[in-house]
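Next come the chains, spelled out residue by residue.
Number of protein chains: 2
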Amino acid sequence: MNKGRRTREKIIRKAAPIFNRKGFEGTALSDLMRATSLEKGGIYRHFASKEQLAVEAFDYSWKTAVEARLEGTQNITNTVDRLKRMVRNFRERRDGLVPGGCPLLNTAIDSDDGNVALREKARQALAAWIERLRGIAEEGQRNGEIRRDIHPGEMSNLVVSTLEGSLMLNRLQRSEEPLAIACGHLEKYLETEIRSKESKCVREKS
Amino acid sequence: MNKGRRTREKIIRKAAPIFNRKGFEGTALSDLMRATSLEKGGIYRHFASKEQLAVEAFDYSWKTAVEARLEGTQNITNTVDRLKRMVRNFRERRDGLVPGGCPLLNTAIDSDDGNVALREKARQALAAWIERLRGIAEEGQRNGEIRRDIHPGEMSNLVVSTLEGSLMLNRLQRSEEPLAIACGHLEKYLETEIRSKESKCVREKS
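Each protein sequence line maps, in turn, to chains A and B.
The first sequence: position 12 = 12 (our numbering), numbered continuously.
The second sequence: position 136 = 136 (our numbering), numbered continuously.
These are computed hints drawn from the structure, not numbers from a lab.
Mixed in with the good hints, there may be bad ones.
List time: in silico BS3-like cross-link candidates among lysine-lysine, alpha-carbon distance up to 25 Å [stated by the list, open to error]:
#1 A:Lys22 - A:Lys63
#2 B:Lys22 - B:Lys40
#3 A:Lys197 - B:Lys197
#4 A:Lys188 - B:Lys197
#5 A:Lys50 - A:Lys63
#6 A:Lys40 - A:Lys3
#7 A:Lys22 - A:Lys10
#8 A:Lys50 - B:Lys22
#9 A:Lys22 - B:Lys50
#10 A:Lys22 - B:Lys22
#11 B:Lys188 - A:Lys188
#12 A:Lys188 - B:Lys200
#13 B:Lys14 - B:Lys63
#14 B:Lys22 - A:Lys197
#15 A:Lys3 - A:Lys22
#16 A:Lys14 - A:Lys63
#17 B:Lys200 - A:Lys200
#18 A:Lys22 - A:Lys40
#19 B:Lys63 - B:Lys50
#20 B:Lys50 - B:Lys3
If you're wondering where the values come from, they're calculated on a predicted model, not measured in any experiment.
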């Protein structure tokens with residue numbers, strides 16, 4: 001990687017926690033200069049605008065979050081167990097994330113009536129996350145692990161809503177309890193309302 | 001009400017949707033001047049600071065939301081039905097709210113790493129809401145309508161998490177579906193996991 005590319009990536013990495021914490025409007029050029037130890041010209045040589053930098057910072061923060069949430073799930077063959085692991089990862093794998101909380105939640109609220117490019121980024125990230133859960137549910141329906149009378153899109157919407165909402169409560173209460181309660185509820189929900197009965201019998205017999 | 005008081009209340013009413021949409025940092029004095037048709041001096045004659053105005057605007061927005069969510073619930077004697085009505089109100093009574101979405105969600109994210117006074121306001125509002133739901137659940141446990149083996153605090157945390165998270169998804173997807181799914185799930189949850197069996201039998205017999 002050449003020096004220009006390295007500097008560019010360093011700027012993104014340093015800017016990501018600032019945008020994630022302070023939002024687009026709340027992030028000042030002086031914050032970005034302090035974090036990167038660069039002058040204005042040194043930053044904007046690599047990015048066309050504050051918006052472009054914010055968009056790439058979101059991509060970086062979100063990629064980090066997705067990797068943490070998927071960790072170890074690929075090897076789990078049973079689809080319900082895979083969904084349960086994703087729920088557990090959401091709760092347990094937060095140490096390596098970009099500081100400031102879930103980038104999706106932050107960007108969704110921050111850009112809701114503001115920056116269009118950021119809002120579109122957040123919308124796409126949410127859609128991809130829901131789509132991933134939905135795909136797992138459909139796979140489970142095909143192979144008989146998941147009940148055929150549940151709606152995969154509804155399941156994935158509900159899981160994401162419950163996780164994101166409880167994370168908001170966690171942050172406001174400076175407590176781990178709301179997310180722990182939500183994850184407990186979702187694990188039970190996946191076990192009792194999503195896992196197919198036939199699949200349960202096979203598990204119990206084996 | 002004298003003229004000064006009326007002006008003060010008008011400023012709060014006009015400022016509330018701006019703070020609710022744009023957040024504390026994102027709200028410029030020029031936005032407030034435009035909305036109120038007042039000069040800077042005309043606004044700050046009534047408020048010690050932008051922070052004080054933002055705090056009072058939050059109180060106004062939150063009061064409006066609470067009133068909408070409680071509408072018609074006081075007359076419902078059965079506690080589970082009262083909880084279900086509160087869930088339904090959250091979804092259906094959003095027309096009269098201060099524009100910009102749930103003030104709690106907005107302020108929680110906006111002030112999380114920023115304004116301390118606003119964060120404290122949002123924290124108190126959340127605590128009061130959870131406390132209200134918890135109180136209803138405890139009342140239901142005393143009179144046998146609600147299962148004694150459920151934890152009222154967990155129930156109320158879960159309901160609020162699920163509602164707030166799905167509202168975030170609604171906004172990002174510009175769709176009513178996530179909240180509709182979440183409310184459907186919560187109504188079923190209240191019916192099957194919260195309402196006591198004895199209470200169900202009484203209802204069926206009567």
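Structure-based check of all given hints:
Taking the CA atoms of Lys22 (chain A) and Lys63 (chain A), the gap is near 19 Å; set against the 25 Å cutoff, the hint holds. At roughly 19 Å between alpha-carbon atoms, Lys22 (chain B) and Lys40 (chain B) fall within 25 Å of each other, so this suggested pair holds. Taken as a hint, the Lys197 (chain A) and Lys197 (chain B) pair is honoured in the structure, with Cα atoms around 24 Å apart against an allowance of 25 Å. This hinted pair checks out: Lys188 (chain A) and Lys197 (chain B) have alpha carbons roughly 20 Å apart, not beyond 25 Å.
Note on Lys50 (chain A) and Lys63 (chain A): the hinted pairing holds, with a Cα-Cα distance of about 20 Å set against a maximum of 25 Å. Restraint check: the Cα-Cα separation between Lys40 (chain A) and Lys3 (chain A) comes to about 18 Å, which is no more than 25 Å; the hinted pair holds. Our distance criterion of 25 Å between C-alpha atoms is met by Lys22 (chain A) and Lys10 (chain A), whose separation comes to about 19 Å. Between Lys50 (chain A) and Lys22 (chain B) the alpha-carbon distance is near 18 Å, which keeps this suggested pair within the 25 Å criterion.
Restraint check for Lys22 (chain A) and Lys50 (chain B): satisfied, since their Cα atoms lie roughly 18 Å apart, inside the 25 Å limit. The hinted pair formed by Lys22 (chain A) and Lys22 (chain B) meets the criterion: a straight-line CA distance of about 13 Å does not exceed 25 Å. Proximity of Lys188 (chain B) to Lys188 (chain A) is assessed by CA-CA distance (about 14 Å); at most 25 Å being required, the pair is judged to hold. Restraint check: the Cα-Cα separation between Lys188 (chain A) and Lys200 (chain B) comes to about 22 Å, which is no more than 25 Å; the hinted pair holds.
Our distance criterion of 25 Å between C-alpha atoms is met by Lys14 (chain B) and Lys63 (chain B), whose separation comes to about 15 Å. With a C-alpha separation of about 48 Å, the suggested pair Lys22 (chain B) and Lys197 (chain A) falls outside the 25 Å cut-off, and the hint is violated. Of the pairs offered as hints, the one joining Lys3 (chain A) and Lys22 (chain A) is violated, with about 29 Å between alpha carbons and a cut-off of 25 Å exceeded. For the hint linking Lys14 (chain A) to Lys63 (chain A), the alpha-carbon distance of about 15 Å falls within 25 Å, and the restraint holds.
Simply put, Lys200 (chain B) and Lys200 (chain A) have alpha-carbon atoms about 28 Å apart, too far for the 25 Å limit, and the pair is violated. At roughly 19 Å between alpha-carbon atoms, Lys22 (chain A) and Lys40 (chain A) fall within 25 Å of each other, so this suggested pair holds. At roughly 20 Å between alpha-carbon atoms, Lys63 (chain B) and Lys50 (chain B) fall within 25 Å of each other, so this suggested pair holds. For the given pair, Lys50 (chain B) sits about 21 Å from Lys3 (chain B) by alpha-carbon distance, which is consistent with the 25 Å threshold.
Taken one by one, the earlier hints fail for this structure at numbers 14, 15 and 17, listed in ascending order.
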